[in-house]
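**Student:** Next come the chains, spelled out residue by residue.
Number of protein chains: 4
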Amino acid sequence: MAKVRPADPALSFQRMLRMLIGPRPAASSPRRDVRKLVALCETLLTERGEFSGRRLATDALLAYAMLDAESRELFFDRLVKEFSPATDALGRAADAYRTDPTQANLIRLQNAVEPPRQELFRRLNQGEGGTAVLVEMRKHLLATLGKHPERAGIDADLAHLFRSWFNRGFLFLQRIDWGTSALILERLVEYEAVHQINGWPDLRRRLDADRRCYGFFHPALPNQPLIFIEIALVQGLPAKVQPLLDPQAPVLDPATADCAAFYSITNCHEGLRGVSFGNMLIKQVVEELRRDFPRLKTFATVSPVSGFADWLTKTSPALTIDERRPTLLRKVLDKFRGAGASASAIDEADGPEVAPGIQRELSRLCASYLMYAKRDGKLPLDPVARFHLANGARLERLNWMGDTSAAGLARSLGFTVNYVYRLADVERNHEAYANAHVVAASNELRHLADRSFVV
Amino acid sequence: MAKVRPADPALSFQRMLRMLIGPRPAASSPRRDVRKLVALCETLLTERGEFSGRRLATDALLAYAMLDAESRELFFDRLVKEFSPATDALGRAADAYRTDPTQANLIRLQNAVEPPRQELFRRLNQGEGGTAVLVEMRKHLLATLGKHPERAGIDADLAHLFRSWFNRGFLFLQRIDWGTSALILERLVEYEAVHQINGWPDLRRRLDADRRCYGFFHPALPNQPLIFIEIALVQGLPAKVQPLLDPQAPVLDPATADCAAFYSITNCHEGLRGVSFGNMLIKQVVEELRRDFPRLKTFATVSPVSGFADWLTKTSPALTIDERRPTLLRKVLDKFRGAGASASAIDEADGPEVAPGIQRELSRLCASYLMYAKRDGKLPLDPVARFHLANGARLERLNWMGDTSAAGLARSLGFTVNYVYRLADVERNHEAYANAHVVAASNELRHLADRSFVV
Amino acid sequence: MAKVRPADPALSFQRMLRMLIGPRPAASSPRRDVRKLVALCETLLTERGEFSGRRLATDALLAYAMLDAESRELFFDRLVKEFSPATDALGRAADAYRTDPTQANLIRLQNAVEPPRQELFRRLNQGEGGTAVLVEMRKHLLATLGKHPERAGIDADLAHLFRSWFNRGFLFLQRIDWGTSALILERLVEYEAVHQINGWPDLRRRLDADRRCYGFFHPALPNQPLIFIEIALVQGLPAKVQPLLDPQAPVLDPATADCAAFYSITNCHEGLRGVSFGNMLIKQVVEELRRDFPRLKTFATVSPVSGFADWLTKTSPALTIDERRPTLLRKVLDKFRGAGASASAIDEADGPEVAPGIQRELSRLCASYLMYAKRDGKLPLDPVARFHLANGARLERLNWMGDTSAAGLARSLGFTVNYVYRLADVERNHEAYANAHVVAASNELRHLADRSFVV
Amino acid sequence: MAKVRPADPALSFQRMLRMLIGPRPAASSPRRDVRKLVALCETLLTERGEFSGRRLATDALLAYAMLDAESRELFFDRLVKEFSPATDALGRAADAYRTDPTQANLIRLQNAVEPPRQELFRRLNQGEGGTAVLVEMRKHLLATLGKHPERAGIDADLAHLFRSWFNRGFLFLQRIDWGTSALILERLVEYEAVHQINGWPDLRRRLDADRRCYGFFHPALPNQPLIFIEIALVQGLPAKVQPLLDPQAPVLDPATADCAAFYSITNCHEGLRGVSFGNMLIKQVVEELRRDFPRLKTFATVSPVSGFADWLTKTSPALTIDERRPTLLRKVLDKFRGAGASASAIDEADGPEVAPGIQRELSRLCASYLMYAKRDGKLPLDPVARFHLANGARLERLNWMGDTSAAGLARSLGFTVNYVYRLADVERNHEAYANAHVVAASNELRHLADRSFVV
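Chains as they are written, first to last, in our numbering: chain H, 23 to 477; chain A, 23 to 477; chain Y, 23 to 477; chain L, 23 to 477.
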């Protein structure tokens, strides 16, 4: 029993569009385009829209997809003006509920408070490619929110729907490998931001026998991972990222690996911001891997310390340096305070006999940054740390020169850090972190931080 | 690329349950069971629930599924008491918005007006079998609404979520045939209510080469059709239902058929009441069939006139009979007015020379019933007519003795009626019906009704 | 990427046939039908046949499928007369090879010795449903071989092809469960011969969570298992068959099972006789189950002793009874020698105090039968024993009243026997059996046999 | 119901090999490697081989795959010496049959004439990746046949098996598009020889909405097309190849195309030489396209005239030039006779006023070559012409400068030719060609040839 008539996979919605529509007619103007789109939206909300919803919705989606940035501004304005709740009716419903807080009045108020936009979005979703276009629409919208706070309501509506639609119960985990369709694989190339994929040979190596890649998918976007994670099956907890990425690296028999190293995790859709999948993905992937490779003992990331250089440059000047160990530390700090953190700052370290000292001081500073640098005095300043600690991982080990890419040197001064996921501890770690902001860390890393002599 | 580890298809959620849990512990009491469930629900709404949502949700779903009817009453009461919006906060948010109707205040009010129940249901949906259990929960709830109007808010929350989750854009049409899994086929046997399926040989005939069956499915319930429709590919518009259902009927080469007869359409889930799929299903199936069988000319139902007998017995006494044709009509009406409409009332018709007359009078009355009998003076009294007319079909032909089953005789006095779907007209018909309650009908049927001499 | 346009699964080849052809034309005669078929076969072997092979082959397959038994006789005769090797050319090729045994002459002889039939069958296989019809054809043919030894060559050709086509490398193992298509499930009902399936509820129980069913399939017959095996996951080595078959039996959590009981194995196609899959199926299924259920410790059959009653009646009179234990044993044997083995013979056992003695004597006789009764003095007389012992299993335990069905009582006097598959031993057992006819057995069974006091 | 445990798609057999085996042990020698392999083959043919066939076969396949070219020579020699039919037994069987040509003696002779190699290959096929390795083995073997005619028997055995295994009835047609797995797509890049694919963007364009690609697959090689064909859906019969291959070409709405242009067809496996699929593929693809795009009117190739330049250089000197039109033709011929046919020969044509004349003369010569140049006086000299004419196509139109690639200019002097497939004519064309070597051609092309003034 096959699903009936699936769409031609050669046609993404965008490309289908271009083919169907051809070049935008010269006569079209933003104002006219938006007028047409709004008219379609209005019809879609009528009785007739209920009946011919699919066709109308597809037309409206096409009309939206054709808008240029300028037109979209106009359209968003009209979504605020014409598809918001009716203030009067809402006021009356609120009064009625205040006076008489019955279930019936509550339901009436709930209905009054829901903007027509929300039903509009639900009906748009019936059209071909609806979900994809709406996710795209929110991406467009988010980029304008800074200048247009009055559009927050549109965002609230889309976010509300997306939280329902992209409920974890509807997602499915899928392994991505070289047997996966090119349609999906090209998304990896497109989206991977942490460690860029340089063409198909690079991709192929990342999907080889000693690598794993998993993604969460939604049934309405079967060719679009929502989030994906890349894993190397290796022997021993890896310190360095570059060997994991080397397309020429020899392929290990995965059955002999004892460590699963998560070296990249990528959220694919800006339009799904705030609808989080990351922690669920990691936990489920750990379970998969444990089942497939019973010899795996360690599940850990090889992560950047992405805010370190920045912190060192901007924040550390305010630090108090412990009296007892001034010289080298001060020298190191001065370097960064002065010139801006950079790879060259490290390279300049004069003479090999000095370098180990610098390395030691920087490692202590970095550990200190991860453990003690806070945002608002509560949560860690480092965004990657916030993500993994919130997921219940613990800071395990700091690796000098773990990432020697230009970006790695610039942001992390070349450091990588391993966050370890131990299933027995993650829930406890998570709760201690969530309730008391406790940062789980290995003794090694704790000691390192405690010897930084900065406060 | 396969989805990871699908559940064992031998295990429906209910059966898995029984296996996991075994007989309910003797020591359990409704009060204790519900207390445990509510505690799980509360945890699910905390920080920890966000982290371990899947496991907690599965536990809560199991706990709910174990409740007996008495315990469910207690649980629904607590959903009203403890998971409704906080009245104070809601009041303040309403006041704030009244005073200052900004987007921010609107969003605050929207948040205040959404009961915690709704987030609870969303989180429950993450657990194994979540969607199925929630649909079941609404079914349970609906059965209690009559006595408990204060639970309407729970229903509104579930209905709101279901309208989002079961959006047409997420459903897929699937053909069901003898190559379909037994898991799905046994649902047809279970749900089909219009013309009961008597075992697998009967089912097999309904899925043979000259029959079609299509259903809408949701990805989260892959083994459960939401609605399904049964079609016979035949030559000529059929009048009678029984030959279409006969397991021994010879199989026609479907390529020679000129008519697709829709003889049954079944909504499977009471818990999805109000989330309608019927009109979309018919339209999409018509498109499928047209593509597969270009020789098909007619798309029509063979439907019961299910309220006719009832109307004749209860309503017709109030009718005014036209002066000119009193005798036979009055005789017929008297029969039904006296004894209650029944098959025997027809059989009693004395003598073959009289029967044709009775048949004629009853046909006129039936046509009149379909065309002119109204509910609240607006929409047709007959529920099947309301459904198909709202979908844009038109009343085509009335068939004497079209359904001679016990139920057919009792409800429809044996009549069937064909509603025809003509793609060129459905949208127009639908709008005329929706806006002006216009009943689309063939001339034949219209004339018949106009000669009924009742007003 | 879907395969292109699969056939309508509602249409088996046979049923499609009936639909396409309708009733056989009155004017047709066996002679004329066969003449037409042979003409198609001849064309199929020409140049044109190479070009339009698919269409011609489909026509020929349809023509064959329409033949009645009488016409098939005529067809087989013509396959012998007209599609055998050309005797002269073959003679010349044989002479040439005798004179000069070069590779070229060998190849020429190989070509000469291959009947045109074989190429005919290969070309027929290109048509729709070709493989299925050819397997059916061999079934028809085998039934006539007794009377027509001259048709052995046709059989040799088909068997040669089938051994190539149904090579283990082309088969795939598939689990069959309640999520499997009805098309396949109805085959189980049709083919299962050991323990008949009584309708769909019975079938459903056999596919429930604590049951497993696996089959070997060939890609050209995707809806037809070639062989399938039924397994119960239970606690402890079962003695009795009936509890395993009871549709009402409670469902066990399969994770708690320690024994996989193979209670039925069925070859589906008489036309594939001699192309064996059984031993490969058992071994692969054992591997599957070990992987899915690591707690399983025992893999064993619950088998009939299907030749026991027959042996007792016919063969045992010739046995010498040991002098020392004459009374009861002689009494038991007399019963069977006289009246024919039957369930009633056992029931008549006079008085409960006697029964245990009879049970003991019969058990000893049965063990003796399994261990020592031979065919041609070499291999066991019991056909089930031959199968499992050849697969490397060992005789483990004899169970009194293990199968109380009518067939079980009649054939096995109610006994069942467990053959155990221990992966560590199967290869050794197999070789000892294959080379020296060694019967692997438990000490218990061996002792029982040695106390039978018959020689 | 999923097939059980498919192999990891990241692992082709070759790559799995490398991983399992690691570098070849230093101590290994060709002689020792082959000895080990032959020992495995011998065991595989024993009783034990029947039992543990899968494992033994896999070991043997691995051992074969590890052999270097030198070792393979030794192995092939031993296949001739030790796995050929026993000459004596074969002689006796031949004698027996000569004396008494019964069915039994025929079967005996058939068995005697089948080399043990054939059963060996059948058993090898049971192992993991067996079919792939055997196809590879024949490729290796074919390369050595020239020097080793005594190995023809091995080839005959493999070819015999492959004709059975790769029977059209077992192949399935699959569309290949951008939704196809990368595993298959990379094969296209690897195998395409007519018009090389330059990386993934080039490939992607060839699979876009106005392109089609179909392949025949065998179930045992699901990730390996046996043959594939590339098609452009265009408006009008195309003359030139380069625009069809341009990755930047705009994408046409395929529904508006009226011509399907087959611009490349590729046999993927040298090891399957002589097992032909090409004509069946074209016919089936034409049917698919007609069904999907009813507006298509023309099905035609854009083919090279690949032997033209060669013929002009080598063969044309012997041609008699008609007296009446000597000058220009002679000039053209002289060019090629002198310098070897090449693109530069054309470029040198002095002045635009001369070019048209040269073009005309060359076109006539090319038409003449296609129509009249023969091999052995019977079949066309041009290999592409032989393929398409044998399939029932006809020569339609010659295109000047239709392929301006280096290869196109060198081989075809830049010409392309369209072969048209008209379903109504193909069978007739095929038979006229097969029986009487009739070359089907358009009047245009025929006239052109007849004006070449060469005989």
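Simulated from the structure, these hints should not be mistaken for laboratory data.
If you're wondering where the values come from, they're calculated on a predicted model, not measured in any experiment.
Each hint should be verified, as a subset may be incorrect.
No copy is singled out in the list; a pair is fine if it fits within one copy or between any two copies.
[What the hints assert, rightly or not] Simulated pairs of lysine to aspartate or glutamate, EDC-like, Cα-Cα distance not exceeding 20 angstroms: (1) 336 / 214; (2) 103 / 122; (3) 58 / 69; (4) 400 / 69; (5) 336 / 158; (6) 58 / 332; (7) 58 / 230; (8) 336 / 268; (9) 161 / 466; (10) 58 / 122; (11) 336 / 64; (12) 58 / 224; (13) 400 / 95; (14) 396 / 136.
**Student:** All hints, please: hold or fail.
**Tutor:** Do the hints match the structure? See the list:
1. Taking CA atoms no more than 20 angstroms apart as the test, residue 336 paired with residue 214 passes in neither setting, with 29 angstroms inside one copy and 57 angstroms between copies.
2. With identical chains, the CA atoms of residue 103 and residue 122 are at most 20 angstroms apart between copies only, with a shortest distance of 16 angstroms across copies and 30 angstroms within one.
3. In this assembly of identical chains, residue 58 and residue 69 lie within 20 angstroms of each other by CA distance solely inside one copy; the values are 19 angstroms within and 45 angstroms between copies.
4. Only between protomers do residue 400 and residue 69 lie at most 20 angstroms apart by alpha-carbon distance; the minimum there is 17 angstroms, versus 52 angstroms within a single protomer.
5. Taking CA atoms no more than 20 angstroms apart as the test, residue 336 paired with residue 158 passes in neither setting, with 36 angstroms inside one copy and 57 angstroms between copies.
6. Within a single copy, residue 58 and residue 332 get their C-alpha atoms no closer than 48 angstroms, and across copies no closer than 50 angstroms, so neither meets the 20 angstroms cut-off.
7. Neither within a single protomer nor between protomers do residue 58 and residue 230 lie at most 20 angstroms apart by alpha-carbon distance, with minima of 50 angstroms and 31 angstroms respectively.
8. For a Cα distance limit of 20 angstroms, the shortest separation of residue 336 from residue 268 qualifies neither inside one copy, at 34 angstroms, nor across copies, at 52 angstroms.
9. Taking the closest pair of Cα atoms, residue 161 and residue 466 never come within 20 angstroms of each other, the shortest separation being 42 angstroms inside a single copy and 57 angstroms across copies.
10. Taking the closest pair of Cα atoms, residue 58 and residue 122 never come within 20 angstroms of each other, the shortest separation being 43 angstroms inside a single copy and 33 angstroms across copies.
11. Taking the closest pair of Cα atoms, residue 336 and residue 64 never come within 20 angstroms of each other, the shortest separation being 52 angstroms inside a single copy and 43 angstroms across copies.
12. Taking the shortest alpha-carbon separations for residue 58 and residue 224, neither the intra-copy value of 45 angstroms nor the inter-copy value of 38 angstroms comes in at or below 20 angstroms.
13. In this assembly of identical chains, the alpha carbons of residue 400 and residue 95 never lie at most 20 angstroms apart, being 38 angstroms within a copy and 44 angstroms across copies at closest.
14. Taking identical chains as interchangeable, the C-alpha atoms of residue 396 and residue 136 are never at most 20 angstroms apart, the minima being 38 angstroms within one chain and 34 angstroms between chains.
Of the numbered hints given earlier, the model fails hints 1, 5, 6, 7, 8, 9, 10, 11, 12, 13 and 14; all others are met.
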